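Let the hints inform the model, and build the full structure from the sequences given.
Sequence lines, in order, name chains A and B.
According to the numbering used here, the first sequence is numbered sequentially starting from 1.
According to the numbering used here, the second sequence is numbered sequentially starting from 1.
Derived by calculation from the structure, the hints in this document are not laboratory data.
Fair warning: this is a prediction, and the values are worked out from it, not measured in the lab.
Ideal placement from N, C-alpha and C gives every residue a C-beta, glycine not left out.
With the Cβ distance kept under 7 angstroms, some of the chain A side facing chain B (calculated, not the full set):
1. Met1
2. Leu6
3. Ala9
4. Gly11
5. Met12
6. Asp14
7. Ala21
8. Tyr24
9. Asp312
Now for the letters of each chain:
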Amino acid sequence: MTTDMLLEAIGMIDDEDIRAAREYRRPVTRQKVKWSLIAACLALFITFLGTAYAQGLISFGWIEKLFGIGEQTELLEGNVVPVNESVVSNGITLTIHSIVTDGSSVYADFSIDKLKSEEVQKNLSFTISVPNSFGLDLGGYSGGKVAIIPIENSEESTENNVQEYILLARVSGLNESLLGKTITLTAKYHEYHYLESYEDSVIESGELTNEWVFKIKLNDIMESVGYTMEDGTPVTVTPISFSLEKTNFFNQTADHFRVEMADGRLIDLMGSSSFEKGHIDENGNEIPNYKVSSIMSTEIINPNNVVALWVDDTRYQLIHD
Amino acid sequence: MEDSSIVELYWTRSENAIAETASKYGKYCYTIAFNILFNTEDAEESVNDTYLGAWNSMPPHRPSILSIFLGKITRRISLKKWRDKNADKRGGGEVSLVLDELEDCIPSDDDVEQKLHMAELEKMISAFIKTLPDIERWVFISRYWYLDPIPTICKQFGFSQSKVKSMLHRTRGKLMTYLKKEGILNDN
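Listed below in structure tokens is the structure:
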């Protein structure tokens, strides 16, 4: 058997599978919403405990408090970026539209120049580091990667020829003692690019590093967040968190998370997953800890209407407190 | 026009069959062909050959999913064209890359347990595809059936390049394991 044979054999797989592959589209939609909505929708954190096989149950709790983020106005030296203004670094323009936090995660809605050449391929990675200010261990994504979700066909991207993203970083230690104080977030943008010509096989490569510093002032504590739908209907949403216990996710990686709403809709959640070393039980067995973090959605999710969580093809029924 | 109506045009040997096919699926077939051949003229030629292939196939075929029926014809024709053009060297486009990637599934010719009939292999691959989770299956099909470039797959699925590459790598490993289990490859 040769690779040619394999490639040919792949050509004859089931028609429905071929069609489904083409019809799948990641359901990201751009909502013209206030910054408060992003904080309202996106605070979902799931921890899986891998044990012997048992019924998966979800219990929902509430994050009762949110931290409001005021418009940052301080301009410092270097690439400090106020909200809704742009900064140019190495010829690349970055604009932050909003930054919010719910006390455990920070979300930024930003846009960045689209690269003009279709032949240039690149890797974008952002890091958010939160320095240890005020004697607190803010942890989170210090030096690590954050989740970057590109938003397709947003008004911003269409009108201004930029690519819009929602950026999510998990941090810890944000609490009421920081009210009225300013913390600093540093975003680094490291781009690798290479240019390949198929005719000449010429390859050029290079690196580009940009750094922006955000000053964020914590203003208010909010118990719930209000927003307005596109038709003007006011809606209130409270962020949710939930945990999943006793699952059969031992040594598995899940790729696809969705919430099932009461009206039957399935809303995709996006984020990253990790499989962490767990703890040792009383019998000396290691219980792996499967953690899914940075789950988010750009669609509105009202937790009152969530009935189940889907992890890949498995459905977990919600049990209300 | 509905697919069933277009198929009916072929069955009644109507002159409009190919025009309607081209109107609805011309771009779709062209994309498949271009992914393979990476050349406008060759891709257009493949698409035209596809229409001829469709004309000669219907009747007796009455495909339920016309797009995939045509896509399979285009893919087969384009791959044959690619092989004819690149008999002695690796050409550009995605085919070379994909063939290199698929070598992960067939470590060396020495590992082939037995001579294999294509029909058997097609059946096994079809069965293997069904064992994959949805997203993994669709990413695999996007890469190895549609020969989509990695950035295109990233955009469709909203994944980073590294995620797509590692997912494909994992799936190729699963395919090799599957082929070993089916006795196609030596279990070394």
